[in-house]
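Student: Each residue of the sequence shown is one higher than the one before, counting from 2 in my numbering.
Calculated directly from the structure, the hints in this document are not laboratory data.
One or more hints might be untrue.
Ranges between beta-carbon positions, derived for each pair [what the hints assert, rightly or not]:
#1 105 / 139: 22 to 28 Å
#2 124 / 9: 40 to 46 Å
#3 26 / 124: 35 to 41 Å
#4 85 / 129: 30 to 36 Å
#5 85 / 147: 17 to 23 Å
#6 159 / 7: 23 to 29 Å
#7 20 / 72: 38 to 44 Å
Here are the simulated DSS-like cross-link-like pairs (lysine-lysine), alpha carbons at most 27 Å apart as the crow flies [stated by the list, open to error]:
#8 7 / 72
#9 68 / 158
#10 103 / 31
#11 9 / 103
#12 68 / 31
#13 72 / 9
#14 158 / 7
#15 31 / 7
#16 31 / 72
#17 7 / 68
#18 72 / 103
#19 31 / 9
#20 103 / 158
Even for Gly, the Cβ is constructed at its ideal location relative to N, Cα and C.
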Amino acid sequence: MPNETKLKGFYSTTSHSVFFEFYCPNTFYKTTVQLPKSQTPDTLFGLLSSTRPGFSIQGALSDMELKHNIKIINQMTLIEEATSFAFMHFYQHCVINYVFYKTHHTYETPLLLNNFTEHMVEGCLVVNVSDVEKSITQMDFQEIFERACSIFHETGKFIINHAQLTNSYKEK
2 MPNETKLKGF YSTTSHSVFF EFYCPNTFYK TTVQLPKSQT PDTLFGLLSS
52 TRPGFSIQGA LSDMELKHNI KIINQMTLIE EATSFAFMHF YQHCVINYVF
102 YKTHHTYETP LLLNNFTEHM VEGCLVVNVS DVEKSITQMD FQEIFERACS
152 IFHETGKFII NHAQLTNSYK EK
């Protein structure tokens, strides 16, 4: 049975790249992901998913679990921190497809994703915002959350399109 482990993240940037290092202070296990600075949204998709070898934080953390027979208990938090760091440094104006809330009970700052895997959705709330023509800095994530929660309570659906949010307010 894998040992449960909590990792720490260290994030840094140069003029060409952003570095994400994850390490365990007790065992000194570590892994590093380097992401070239680019405005292309698919680099963010690669950063979070396992589709782009060398760019995947999720993949690097999974590999670390397999290699050292550990279970990283704060994996989603590390991905959220890394995503926030990436947006802060070079994704301020890129287009995102999904706003990902870890829970539908109380508002927390969401993950901003280009894609997600189905296993991430259980107990969460995902809003497809691909049709929104605003930059990330112009979106009101708390308002999106509140509207999505009301639709979730009416329909029971965890994945909601932004158009449903807009339509639900036109009807009232």
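Student: Hint by hint, where does the structure go against what was stated? Just the numbers, ascending.
Tutor: Failing hints, ascending: 2, 3, 4, 7, 9, 14.
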